[in-house]
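**Q** So the chains spell out like this:
2 protein chains.
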Amino acid sequence: MISKAKVKHIKALQIKKYRKEQQCFVVEGAKSVAELLTSGFEVLWVAGTESFIRSHRVLLSKRNVEAVEATEPELAAAGSFQTNDGALAVARMKPNTAPVLQPRELALALDDIRDPGNLGTIIRTADWYGIKQVVASAETADLYNPKALSATMGSFCRVNVFYTNLADFLPGYSGLVYGAFMDGADVHHVNFTGGGLLVIGNEANGISQAVGKLINKRVTIPRVGGAESLNAAIATGIMLDVIHQSKK
Amino acid sequence: MISKAKVKHIKALQIKKYRKEQQCFVVEGAKSVAELLTSGFEVLWVAGTESFIRSHRVLLSKRNVEAVEATEPELAAAGSFQTNDGALAVARMKPNTAPVLQPRELALALDDIRDPGNLGTIIRTADWYGIKQVVASAETADLYNPKALSATMGSFCRVNVFYTNLADFLPGYSGLVYGAFMDGADVHHVNFTGGGLLVIGNEANGISQAVGKLINKRVTIPRVGGAESLNAAIATGIMLDVIHQSKK
Chain A
265 MISKAKVKHI
275 KALQIKKYRK
285 EQQCFVVEGA
295 KSVAELLTSG
305 FEVLWVAGTE
315 SFIRSHRVLL
325 SKRNVEAVEA
335 TEPELAAAGS
345 FQTNDGALAV
355 ARMKPNTAPV
365 LQPRELALAL
375 DDIRDPGNLG
385 TIIRTADWYG
395 IKQVVASAET
405 ADLYNPKALS
415 ATMGSFCRVN
425 VFYTNLADFL
435 PGYSGLVYGA
445 FMDGADVHHV
455 NFTGGGLLVI
465 GNEANGISQA
475 VGKLINKRVT
485 IPRVGGAESL
495 NAAIATGIML
505 DVIHQSKK
Chain B
265 MISKAKVKHI
275 KALQIKKYRK
285 EQQCFVVEGA
295 KSVAELLTSG
305 FEVLWVAGTE
315 SFIRSHRVLL
325 SKRNVEAVEA
335 TEPELAAAGS
345 FQTNDGALAV
355 ARMKPNTAPV
365 LQPRELALAL
375 DDIRDPGNLG
385 TIIRTADWYG
395 IKQVVASAET
405 ADLYNPKALS
415 ATMGSFCRVN
425 VFYTNLADFL
435 PGYSGLVYGA
445 FMDGADVHHV
455 NFTGGGLLVI
465 GNEANGISQA
475 VGKLINKRVT
485 IPRVGGAESL
495 NAAIATGIML
505 DVIHQSKK
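For the record, the sequence lines run as chains A and B.
Residue 512 is where the first sequence ends in my numbering, and the numbering goes up by one at each step.
Residue 512 is where the second sequence ends in my numbering, and the numbering goes up by one at each step.
Copies of the same chain are indistinguishable here, so a pair counts whether it falls within one copy or spans any two.
Simulated pairs of lysine-lysine, DSSO-like, Cα-Cα distance not exceeding 30 Å:
(1) K295 with K477
(2) K396 with K358
(3) K411 with K275
(4) K411 with K358
(5) K270 with K281
(6) K396 with K326
(7) K481 with K512
For the record, the hints were derived by calculation from the structure and aren't laboratory data.
Quick caveat, the model's predicted, so the values are computed rather than measured.
Please model the entire structure based on the sequences and the hints provided.
**A** In structure tokens, the structure reads:
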């Protein structure tokens, strides 16, 4: 059983303010918790079904993590989703430090991606394409939001997200800055071999004016049919695939 | 003001059973309602802000659609979302008839896409790439679900979705059937010039066994990094972009 104090802690961590104050966050679901246990994150404690704890016994004891047994309904009641398939954990956030980008490395920058699901899906997609670093504007959704974490499907363990003011960050970046616009050059014909930062804009408004001024190369995905725009995560996925192919 | 009877009708239409019974659905948001008014859907009535009704006066009267004036908070209270930026409408569903696919036409088939947001995003992305026809398994989320409609961003007006049993439908289809798998041929090296049907599988389980047997060509998006899989809508977007490029 999960103690009342622990449930209270988990509930508080659903709120961004408390997460920030305590520098802790909750991970829900067996797959995500399993990935968390093999990641660099400090894990404070885990609650899991008897079966989850049994199958992760070695890892839990190696990392010296407290494990509390709980049923699936108990896990679901403590967490933020309607169901939980076996585990829940509280972990410590990593410090918000600027990434050291390698020459020719491709990284993403997010200019106010507001929807946690979109953010999580972008992180998952970035991970698929081997991207390690994401620089996010302060107004971008919180990675530690339960919906965002869940949408990463465990990729939050492999992709670092650094929150900052993009308009302050970009002038200090020495590589090329690409930006996804409706009116840029066809992304299929752009040279990405030198790596760089690809900026993805807000779902409704695209890249802000302040950040737009700092873009070296505007790129676009040509439209064929009737839709006015693509979802931000979809556009990110298509661009990352095109970039990866162009570098082969 | 929206009458109590109309509000009651809208609320009932949030439930799939009633939508099916009445063959009607609710469209929320100024952009979606505006697209609805220029589409082939029969519109029963519209509720809109004074400004929405004024700017769509000609269209409303040409189509002989009853227009009720309402404030944004009234529209939000009647609808299923927290906010509404100006309009709401009730429209009649189109009959669920099998599409007549043209030779060399590319169409999508969805094998149990359960999340309404994913379905809507897939329809929006299909529309971006000029795809007109989607064949969906009976277990796929309902296009007329408010979240699905909203995620299409109006593309439900341009893309037809036909619900059927895919395992029954596919044997009668004369073109090539491609399927998105984790272990298929690299999608970048596959020939799509003859068009065909691209099957996208369920978010968690991929393409079902019954449908899998009817696939002529298994295709995949090669993975570079650590994520186990891509979101179904992201995979669809990437494949549609690759297919469009390969046909150029």
